[in-house]
Amino acid sequence: MDKHASTLDYWQDLATSSHYLTAVSIKRALEEGNYSEAEFGITQLIEALSRSDKHAVRSHLIRLMTHIIKWKAQPEKRSASWAVTIDHARDEIRAYQEANPSITDEKIKEMWAKCFERARRQAELEMQKKSNIDTLSWNEVFNSHLN
Amino acid sequence: MKNWEELSTDSHLLLAQAVKDELTSGHIEQAQLGLQTLIDAMSRSDRRAMESFLTLLMTHIIKWKSQPEKRSVSWAKTILNARREIKRIQRDSPSLNRNYLESIWNECFNDARQDAELDMQKKSTIETLSWDEVFNDDYNLTNNG
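If you're matching them up, the sequences are chains U and L in order. Going letter by letter, the first sequence gives residues 1 to 147 in the working numbering. Going letter by letter, the second sequence gives residues 1 to 145 in the working numbering.
Chain L with its partners taken away, still in its complex shape (with noise of 0.2 Å):
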């Protein structure tokens, strides 16, 4: 019997190599209990790299906002990115959709008030930020965003 836990812990292609294993040796029931190990894993690593994005999104978005002597190309960049990432897992994984976002919204403001406020060396005065603030707004060093 496979302790299928441990091996997802390892990495994803480790883990599929041995369901083929037991695929091929005709293990179904192995299989079966293997793939499901798979499937949790790469959601959860799914979800994780979304807090992540969303995390990083929001505190270069914070610290637009807060420095606007020092916005950059590369601040910019970071947030086309991060919203390209999100997009990229989404069409991953369907059901990390906008009510998921939403259900992690604060923690990952709260993080990235705290990272931002590291970086700036100087606490931030914005208190929430919006779906379209987020998501939606224009941030290029031509028009002010």
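Next comes chain U alone, as it looks inside the complex (with noise of 0.2 Å):
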């Protein structure tokens, strides 16, 4: 193997397992003097955090969509602490949306239909009842009131 594509493989495996090490090694790296390293470095480090600001969006989003089928499925079920996390789950991913640019109203338009199946399985489990909920459209989602 090359020493490009170790260096590389080095820094993908370690920023993939933890952020936190990844930048102490950098400015370990920095420190000695081994730019071309802490570049590999950071670049890595970069596409982890990116990829893991994707992941949280996801994980809020399956979160707020299961809420949503809950409280249109059983509205007697209704809760302030349902609201209370349908609201939360909100905030959580426009504040992921203004950090971070690339995570726009498109791309969580493509990640929607496999959100929209675990969500399901997660409501479904969670009443021990199916759903007749088959869709869920941006507004229900992301505007609806909840009282």
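Source of the hints: derived by calculation from the structure; they are not laboratory data. Predicted, not measured: the structure shown is a model, and the values here were computed from it. Glycine residues also receive a C-beta, built at the ideal position from the N, C-alpha and C atoms. Among the clues, some could well be false.
Said to hold, decoys possible - Taking CB as the label site, the calculated pair distances span:
1) 9/U with 127/L: 30 to 36 Å
2) 3/L with 130/U: 49 to 55 Å
3) 128/L with 91/U: 42 to 48 Å
4) 112/U with 104/L: 35 to 41 Å
5) 87/L with 130/U: 46 to 52 Å
Both chains are sitting in their own frames, so use the hints and assemble them into the complex.
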């Protein structure tokens, strides 16, 4: 394996397993004057951070959709705690979008169908019954009022 | 001169991108400053996450012990998940070890007790939680944990 490929692998592995230890190692590389190592490192760290932002948005979206499905499917069980969860997940997703401009509304729409399927399974598991909700619109998920 | 502290409150990603810009422009000292800010910010958010997960974990254990009749799969899942998350953070940040957890134990316990009392709408009779109770005991519906 050539030196570039092995350096790349090293930083990729490290950045995937720990952002913190990657940042510490990049700083050490800089202190030792290994600027090209540091550049490899910071590039891989940026990719890993961006991946984990996307992953976080996906989890928040699934949690949000799960609660919207329950909200619609079980009006008699609506609670302040569900409303808080929904509101919180919306805020979190917005905060990730603000901090990471690559997570556009379009990107979120690309994950929609898959997240909806997972949310539906999760909601059905929690409600112990089938859901009759087959789709959720952007408005239902992000703008509907909860009261 | 960049205001690294200000950048660090926005996002780790933006901060890392700014570090890369400095690095590729050959501003090594700035890149080092930026990296230190990033390292500090990451360790702060790991510590915050540890506090949140430990409190969440304790809240559910208090409820589990105080309200056996209300035990649920969802409580058991929350306990398992919080333990897992704590382990993951420890893998990332080895300095957040058992000593660290013990140093935040009482504060997290007090918060957890308050949260649990609010959820249960009654006072909790549990005055302490041991390490084993929080991290090792089984909480599942079959053996009455």
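Hint-by-hint comparison with the structure:
1. Our hint of 30 to 36 Å for residue 9/U and residue 127/L is violated, since their Cβ atoms are close to 52 Å apart.
2. Roughly 54 Å separates the CB atoms of residue 3/L and residue 130/U, a value that falls within the hinted 49 to 55 Å.
3. The hinted window of 42 to 48 Å between residue 128/L and residue 91/U is violated, with their beta carbons roughly 35 Å apart.
4. At roughly 39 Å, the beta carbons of residue 112/U and residue 104/L sit within the given window of 35 to 41 Å.
5. The hint said 46 to 52 Å for the Cβ distance between residue 87/L and residue 130/U, and at roughly 35 Å that hint is violated.
Violated hints, listed in ascending order, are 1, 3, 5; each of the other numbered hints is respected by the structure.
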